[in-house]
Amino acid sequence: MRPTAEELNVVEPLKSSLSQVLRRVRPLEVDQEHRLPEGLLAELGELGVFGLTLPTSHGGAGLSAVAACTVVAHVAAVDRSVATTLGLHLGLGTRGLVAFGSKSQHERWLPGLAEGRTIAAFATTESEAGSDVAAVKTTASVDGAGLKLSGTKVYVTNARLAKVLTLTAATPGLGGAKKGLSLLILDPATQGVSLGAEERKLGLRGSSTCTITLDDVSLGADAVVGEPGQGARQLEHVLSWGRLLLSAGCVGTTRVSLRTALAHVKLRKQFGKPLFGQEVVQRQLHAAAAGLFGMEAIVTRAARAEGDFAALARLTTASKVFCSERAWELCDLSLQLHGGAGFIEDTGVALPLRDARVTRIFEGANDVLATHAGLSELMTPLPQSPHAAMAELEAALAERRTALSTAYGVRAFNRRAALHALGRAAILRDVAAAATSLASSPGELDAAAQLRAQALAAVRLPLSDEVPLPFLERFLEEVLS
Amino acid sequence: MTQASLTEVNGRIVAMIAQCASGVRAQDIKPTHRLREDLGLDSVGSMELLSMLAEELDLDVPVEEAAQVSTVEATLALAHRYLAQKQA
Ligand SMILES: Cc1cc2nc3c(=O)[nH]c(=O)nc-3n(C[C@H](O)[C@H](O)[C@H](O)COP(=O)(O)OP(=O)(O)OC[C@H]3O[C@@H](n4cnc5c(N)ncnc54)[C@H](O)[C@@H]3O)c2cc1C
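As they're listed, the protein sequences go chains P and S.
For what it's worth, our numbering labels the leading residue of the first sequence as 1, then goes sequentially.
For what it's worth, our numbering labels the leading residue of the second sequence as 1, then goes sequentially.
Hints in this document: simulated from the structure, not taken from any laboratory.
Just so you know, not all the hints are guaranteed correct.
Stretches of chain S that chain P covers, calculated by requiring three or more beta carbons in the stretch to come under 8 Å of a beta carbon on chain P [said to hold, decoys possible]:
#1 13-19
#2 33-42
#3 60-68
No experiment lies behind these values; they were computed from the predicted model shown.
Just so it is clear, CB atoms sit at the ideal spot from N, CA and C, and this is done for glycine as well.
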């Protein structure tokens, strides 16, 4: 991330205090024991990290999103479970309240959240409402002057730690809305709220993940955050922040993973020289460094859009997809370069890879997000970039977009594979544009050129839905039998 | 278009809206309902609906025009405008 000098003045001292506190974190122990070290969150709270992005009026530090991303990346470089606990609190857990909460909700909840006395969780996913977030069945019905809430939320991060829970629920009839979703905020200690067992996971094992059951929970009307019935729109904003901080975490994980890989290939000798002397390895690391630069660039650009909801939604979609996929690829490269040692758990090389895996799934599965990116590219194309180097790529993308809308009109919105391909190209265009404007050193300029070339190749890929799938089911049966 | 076929087309459109806005019954849908706030469709859902409508009624609706539609009323008006154009 590229904080300004002013942001660095705050972030650098905080990073060194954090390094002190995080020194006792042993990622492999966190992974094996499925919990964070005792008292760690309280120590982090004392540093003020849980209030980083919360308003100063209520005890927060009021830092920019870029500063918060820098801190989350720093924590993720030490341990991804700690970073997920923090990132979830700063993003999904509190953004709904900050952006849409009333003065009295702010007064009630924000001071504890800023100090880290209360940790936040956010619950929207249900067993039948995963990628299809609009299918939420949890319902808050009008009950006298208040609400009665029932439903079951699954995979809730921070569930066991949380003292504040924001969730989405259908609120039929509330505020005149027919079916709209609303955001609700509540104390999980409220009667009727119960917690399931901790999920056993592939990674992020120190981060709490449970089901939360809501059984006729009585809430006051003041539990509704912002305008009733506006939950879908609010959710988009909350998820934007979640995706942003998740992407920052990917930067931290990838950076430390590549750092380990580089140290290893410089030391490890095969064929009479260090692995780093192999041209193939050098080229792999050259591409990896460009990928990491692209990750930093898109996260920085997305974070700088924090005041513009629409731009934030688009850019965080791009950053989430790009960063989670590069994190997976580059942590995998690190493992590969470690050879057999990479596969041995005790070396710790595999842990970042396991931890990174879920980032391609949660906060919107990547292929769903790529299709969304295609939809928004079709609906609201971006103005031209001021960088001449982007011209060829932008022209090629515009040509592809125009071909799609001319051929199908609004029916293009149901050509999911075409939208998905357009979205993937648009995501790479956003990354290339961010890298192009950030690049200054020769290495960065070269990285930006690599990223533009990758984006151009994606734009020029043939449309996947032009290839018919007549034998799909039969062929699957054949090869799977 | 006759009154009967107008009613039939409106019925088809409202049924499509109900199908896209899961949990809403066709008989509860009113022309003034907003696709997003009242029927719970997000921006993707609204576009899916208009796309399905164009497919079912065989209409060539440009993307830019579809993007302006935000209510049931406007959805019906858009469909009728393009149906009329097709028949002209
Ligand atoms: C560790 C963990 C923590 C989580 N934390 C939270 C949390 O704090 N709060 C919360 O609300 N939720 C949380 N989630 C839930 C997470 O956001 C969902 O798992 C995710 O959105 C995907 O939903 P799903 O699991 O139902 O997958 P599904 O919706 O069933 O999708 C499965 C797969 O199908 C494919 N797919 C689905 N739809 C499409 C499509 N339209 N086009 C192309 N491909 C498609 C994708 O490959 C997708 O990965 C968490 C999940 C995990 C695993």
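field: Those earlier numbered hints the structure runs against, lowest number first
entry: 1
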